[in-house]
Amino acid sequence: MKIAVLIKQVPGSESALPIDSEGYWVDESSVTFVMNPPDNYALEEALLIKESNDDVEVVIVSMGPLRVQKVIREALAKGADRGIHILEQDITEKDPLVIAKRLSNAIKSEEFDLVLTGLQSDDTGMGQTGVLIGEILKMSTATLAVETIIQEDHIRIKRELESGWFQWVQLSLPASISIQSGLNTPRYPSLKGIMGAKKKEIHSLSATELSKEETLQKVNNVFVPQTNKQTEIIKGDIDQIVSRIIEILRTDIKVI
Amino acid sequence: MNILVVLESNNGALHRLSREALVGAQELGDSIFALIIGNENEEILSELAGYELEKVITVKHHLLSSYSADGYSEVVRQVFISFSPDLIVIGHTYQTRDFIPRVSAKLDIPFIPDVISISDKGFIKQVLNAKLNATISNLDNAAIISFQSAAFNEEQLKLGSCSNESFDVSLVDSDIKSISEEPFQEEEGDVDLESAEVLVSVGRGIEKEENVTLAFELAKVINAEVSASRPVVDSGWVDSFRQVGSSGSNVAPKLYFSLGISGAIQHVVGMKGAKNIMAINKDADAPIFEISDYAVIGDVLEIVPKLIESLEQSK
Ligand SMILES: Cc1cc2nc3c(=O)[nH]c(=O)nc-3n(C[C@H](O)[C@H](O)[C@H](O)COP(=O)(O)OP(=O)(O)OC[C@H]3O[C@@H](n4cnc5c(N)ncnc54)[C@H](O)[C@@H]3O)c2cc1C
Ligand SMILES: Nc1ncnc2c1ncn2[C@@H]1O[C@H](COP(=O)(O)O)[C@@H](O)[C@H]1O
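Heads up: the sequence lines are chains H and U, in that order.
Counted the way our numbering counts, the first sequence spans residues -6 to 249.
Counted the way our numbering counts, the second sequence spans residues 18 to 332.
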């Protein structure tokens, strides 16, 4: 069985996010990048499937500039078998359909049985790439998986629905499934894993050689959200903060 | 502009986000077609009869007795081809996430998801964990737009009348490759977050499992319940029945006291109805402050122990 885990590199939650001079996106030179957190859960799920079944190969696929090789290495250090890096220098390309077509072109010939993605990327938050790839490659699709069970030629998935409801769905393979965070506990790479990862293969492809896709949606600009809510800002030294909080609880909101 | 609004049934009733999507469509276009898929939609049809719409399109088929991404995406594709609307509009629900990207790929039209508002430059959506907003536009083509919860107010739905038309979809057994079982709820905890008057809610800013006791201690002195954001539940630090948000509880306490929560939309939808929101966060730009009545900029791990101490002394 061959599993692809699609991993995106995104700005970390603590990273500075200065808007670039054209107001188009963030200035990447001061951004610290991490593995998209939901993708880490997708990776762990693939590694767990590999550990409990015979003959499973886990392949990491990531598209982006050279920097994304870092997250591929990180995944290899955790136990994935090999990586595919689709080199995409153009960071302005944010159309998920273009991205999905390029990813699909790059992985089509591998004939994966299972494609795992995170349910959503922390940067653009399009929440659709995995399903788009599933449709393009004529696979079954399901989203928001919180449990997976492999059974020969099909997979059973517990899907999260709204407001605390769940549902089991059975899909034929090949399938493309997006993983909800929290379904497992992602591991840390071991020292041995980190050493071993250096010898594992990362195959590089160029995105633009794969296909020339027409962009159908584009990000025009980004800006800091404004609010019109009246907010009292409480700052100062710790004693001032604490006594103001107590005053609010007691006299403004009257909960103590 | 012609708009096709794809509606969702929530146990036989119209999903709230579908109503909001209808409001959005009425603002954007002049000719609104509403599509409802499935076999048991009488209640929804009688509600729709009172709205100002061009037409309600109904699709029934024995393969559509329960939801499947395969079936629903194929229906929307066929309806789109037949009516060729300029836009498809839909609420950004979990079901939308599940099947609408398939429609986008089938029709080769873009899906702009989770839109919060519309400006003259395009559709506005949150990016980078709600720290920034982006304006997105479709280029010279039809598009699918999904609206985030509360992008529009359902009370502004224009009333009027409309006609019905049934659409014959062509589906065969082999189109449906998945088997969906009945939805179910997990066992509930013994804590009733929904009726709590005061909630102390912990987020990832609490940093470590040991520190979660701070939230419980604070809750004890101010007579509150403890709730949490999803990552805290995912890490196993707090029981899952305490989770607030789109995949947890919807709460509306008198005071929601948030400790180290960033304010992602999936959390905010579950608590923005609180009468008072007080948030402690060390990042002055945290999105939670946009909806807070009281913004405490500082470190929870410093402030909360002091606060507990002072509250205990002043008892
Ligand atoms: C389909 C879907 C469903 C989801 N459902 C839910 C849901 O039901 N509920 C939910 O909560 N989330 C849900 N999420 C996840 C959501 O998108 C966010 O990831 C989550 O709410 C973030 O939790 P957080 O604020 O605790 O953590 P983070 O986003 O990591 O924020 C931590 C915050 O703590 C602050 N901080 C750090 N250290 C300190 C300190 N010492 N003192 C003060 N502040 C500090 C940081 O500045 C930051 O703002 C869902 C996501 C998806 C895609
Ligand atoms: N450039 C990329 N490289 C690899 N995987 C990606 C890329 N973009 C998106 N994905 C995958 O698709 C998921 C959903 O992304 P999105 O549709 O952008 O929210 C992510 O969690 C990744 O698993």
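By construction, these hints were calculated from the structure, which means they are not laboratory data.
These numbers come from a predicted model, not from an experiment.
C-beta atoms are modelled at their ideal positions from N, C-alpha and C, and glycine is treated no differently.
Do not take every clue at face value.
Covered by chain H, according to a simulated footprint, are these stretches of chain U (three or more residues, beta-carbon under 8 angstroms) [said to hold, decoys possible]: (1) 65 to 79; (2) 129 to 138; (3) 318 to 331.
Negatives, chain H to chain U, calculated, CB over 10 angstroms [to be verified]: (4) Leu59; (5) Leu125; (6) Ala135; (7) Ser165; (8) Pro182; (9) Gly186; (10) Lys193; (11) Lys222; (12) Thr244.
Status of each hint after checking the structure:
no.	hint	result
1	65 to 79	violated (count 0)
2	129 to 138	holds (count 4)
3	318 to 331	holds (count 7)
4	Leu59	holds, 22 angstroms
5	Leu125	violated, 5 angstroms
6	Ala135	violated, 7 angstroms
7	Ser165	violated, 5 angstroms
8	Pro182	holds, 19 angstroms
9	Gly186	holds, 22 angstroms
10	Lys193	holds, 29 angstroms
11	Lys222	violated, 6 angstroms
12	Thr244	holds, 13 angstroms
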